[in-house]
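Undergrad: Read off the chains here:
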Amino acid sequence: MGEEVRKHPIIICRCRDVTLDDVLKAIDEGCEDLECIKRRLGLGMGPCQGRTCIPLVIGIMARRLGKKPDELLIPKPRAPVTPIPVSLLLKSVDVKVEGEGGDENA
Amino acid sequence: MREEVEVLIIGAGISGLAIAYSLQKRGVKDILILDESYIGAGSTGRCATGIRASFTSKEHVVLMKHSIDLWKKYAAGELGRAGLYYDQSGYVWVATRDESAEFFEKLAKLHNSLGVNTKIIGIDELKELVPPMKVDGVAGAMFDPTAGKSYPFDTIFAFLKLVKGRGAEVVTRVKVTKILTSSGKVTGVEVKGGKIIKAPTVVVAAGSGSRELLGSVGAKLPIENIPRHALITEPYKEAFKPLVIDWDTPGVPYIVQSKEGGFFMGRDVEEKPELPLTSQRIDFMPKAVKPLTKFFPWLRNIRVLRYWVGYYVTTPDHHPVYGPVKEVEGLYIAAGYSGHGYMMGPITGELLAEWILNGKPHIPEAERLTLNRFEKGALIKELAVVG
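Just so you know, the sequences run in chain order A and B.
Residue 21 in the working numbering sits at position 21 of the first sequence, and the numbers go up by one each step.
Residue 1115 in the working numbering sits at position 115 of the second sequence, and the numbers go up by one each step.
This is chain B alone, in the form it adopts within the complex:
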């Protein structure tokens, strides 16, 4: 492993790998990525594969629209040849209350004004998009045709292949214990065992471990690691393409069929932050599937294969923290996506590369997402956190 490097990235999930990829495109060659576990072991590999721009804040919509453009571009290019894909099969939001149907109309207007062509759909169109769905009780529905899905490990192994091919070093099973500084500037990191790696630029893209790392230089990252659960069933023939969200059931259950045919299902169940990922919540499985059997009665006949836990690394305003850490020159952060880090990966890479090399990103909305917004009280409001 290198002992001195130009850019050191902590975290080999989608964010760390995408940042390395975007830096390399801009000519940075000397990059080391460290991960305390295996590639994609954190929230990247535990996510439920969904990608969308249909959010409720301008910042999220604009950034995710850029991210989706990149997903498509990447899938069509060298990353696509290495296995990355974007299946643009859409998201369907289903309301069972009239007030929610009205809310969808407002939301679609907001999306349209920002260039995302979300639309209100009728029952006939809903049945066409999701043929095996029982539509009794549906008060309204919305369709985001730009949304889609993509399997995280296909994505990150594609990034890994390319960034390693261009000379970045990626080392797993190495835990960074401390970020080192001298006179207000970052000088490198210390890893478990005491070894020191020198670097004038350090990027923390360590998901649920990011708070502790920033704490080692006295910077406060206000995140909570909230356990979220997902399950997958045995594989079946393709039944429907979009991800379907049951908006009016508490915990907002969703269902989406994977490339292999298994149905991913999830629902927010009440959880304590910071519980270990190995903690079991067997009650999650019935709670997630039950509301979905109302729309998909045939689910009763299929089998649940596995369930797992991942963290929503959640900030007070449910938006990511991007950019420089002002206390320490040369230190950057990309974390706290509150459940959306996988889908934001491609734009995260671009934004951080621009911040590191040019001092600012090309998207003005991103500049509002720096760490100092919490001190200034300039929080961003997100109303719809799902999938």
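Excised from the complex, chain A in its bound form:
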């Protein structure tokens, strides 16, 4: 890497501002799979759920720990896969039929 690049933190997870240094430190402190590093650093827990950072971290961890990518326990995506506004959820049939909870506008 050139001098100019090294002056700045290298961002791995753009949703949660996790840097390469953070990732390397977590691995050195004992995180041996993605399930662990996800929860240690919050990467993959932002709006994109790891679309950018998880592939990057797979490569970093695999090289650092000498493991195969499929040994790294890739986290499962959670619903909703993309962020959903609450106003949209309120239009769901589940709450219209339910009729409880006192939302005067539903």
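It is worth saying that the hints were derived from the structure and are not from the lab.
Be a bit skeptical, because a hint or two may be false.
To be verified - The calculated lysine-lysine pairs, modelled on DSSO-like cross-linking and capped at a C-alpha distance of 30 angstroms, are: (1) A/Lys67 - B/Lys1175; (2) B/Lys1073 - A/Lys76; (3) B/Lys1381 - A/Lys25; (4) B/Lys1073 - A/Lys25; (5) B/Lys1058 - A/Lys91; (6) B/Lys1109 - A/Lys25; (7) B/Lys1175 - A/Lys76; (8) A/Lys76 - B/Lys1192; (9) B/Lys1161 - A/Lys68; (10) B/Lys1073 - A/Lys91; (11) A/Lys76 - B/Lys1161; (12) B/Lys1106 - B/Lys1072; (13) B/Lys1109 - B/Lys1072; (14) B/Lys1195 - A/Lys68; (15) B/Lys1106 - A/Lys91.
Given the coordinates of chain A, work out where chain B should sit on it, guided by the hints.
TA: What follows is chain B alone, placed relative to chain A:
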């Protein structure tokens, strides 16, 4: 991995790690903690971060008061330096029915008599504590200033760092299949693949997996693993500090803002015990947010990021099971918190360490929580199970 160890703990969640920490403080060095998954993979990492002593049984109030004292002590010491914190921002309980407001008054009296300074608050104080709340229809409110919140992974990684630093071995991805005994005494465990680890003391702190483990020695642990759901929104600037409970809506919805700014929300929806954690309940999301938009209309404009499932490892009386398993000498249990295992973690560690080393805990209320209470029919009554 060690093949012989003084104390073997099954489960690397808050309970197992806190028990190891408390044993180490009392001089036990040779400890092995096994977990079938990753650190905190069970109910610890899936909880909604709340901590409180404002319960409705003497046992819960007393134990949680001790636990909160420990949360504060731990946050101020070496565990705090390793990342554990306790944000004592309180719980606010909101009633929309007059009968519930009256119930709060009784509850506050009970708490006060046990040294927890819960208090009834008026609308003005409610607005001060939760400024962006619409208070129309509120019949009464109660505030527990000793309650608070703390992010589970900050907590357990702090415990992990310290217990490993003092020589405990923590191994993940190893499933214990059987507890081994000989002439009524525990001798160790067998793990998947057939390997045997010898230990004269075994502690089951395995959350939803605890029933099966005790079953391997013929002891009956009456727990049901009931799926509970929580969601979190995108992060926003701090809007309010306390956890807010909507007491009068069925399923008792709650909302609390995380350290990063996301709003955690949860509500009890009808569920079948033992459904796998991967089962999806998309209807949970609208059902949880809808009642809360009554108090926080601005929620409509924010986005839900993720939702997940965790188990309330629930006993018939909604209280934990602590202490020795009388059928088997050297076998101990700490499980069945019915939704409160994270907040009880620090006191769980102390109680089990005392039971193992001294034969009894220093808090008399804990002695009523042993496994044999179910046989004796000496159940404990808990009226308010939330968050």
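Undergrad: Run every hint past the structure and note whether it holds.
TA: Now for the hints, and whether the structure bears them out:
no.: 1; hint: A/Lys67 - B/Lys1175; verdict: 21 angstroms, holds
no.: 2; hint: B/Lys1073 - A/Lys76; verdict: 36 angstroms, violated
no.: 3; hint: B/Lys1381 - A/Lys25; verdict: 47 angstroms, violated
no.: 4; hint: B/Lys1073 - A/Lys25; verdict: 27 angstroms, holds
no.: 5; hint: B/Lys1058 - A/Lys91; verdict: 43 angstroms, violated
no.: 6; hint: B/Lys1109 - A/Lys25; verdict: 49 angstroms, violated
no.: 7; hint: B/Lys1175 - A/Lys76; verdict: 21 angstroms, holds
no.: 8; hint: A/Lys76 - B/Lys1192; verdict: 24 angstroms, holds
no.: 9; hint: B/Lys1161 - A/Lys68; verdict: 26 angstroms, holds
no.: 10; hint: B/Lys1073 - A/Lys91; verdict: 46 angstroms, violated
no.: 11; hint: A/Lys76 - B/Lys1161; verdict: 26 angstroms, holds
no.: 12; hint: B/Lys1106 - B/Lys1072; verdict: 27 angstroms, holds
no.: 13; hint: B/Lys1109 - B/Lys1072; verdict: 24 angstroms, holds
no.: 14; hint: B/Lys1195 - A/Lys68; verdict: 25 angstroms, holds
no.: 15; hint: B/Lys1106 - A/Lys91; verdict: 39 angstroms, violated
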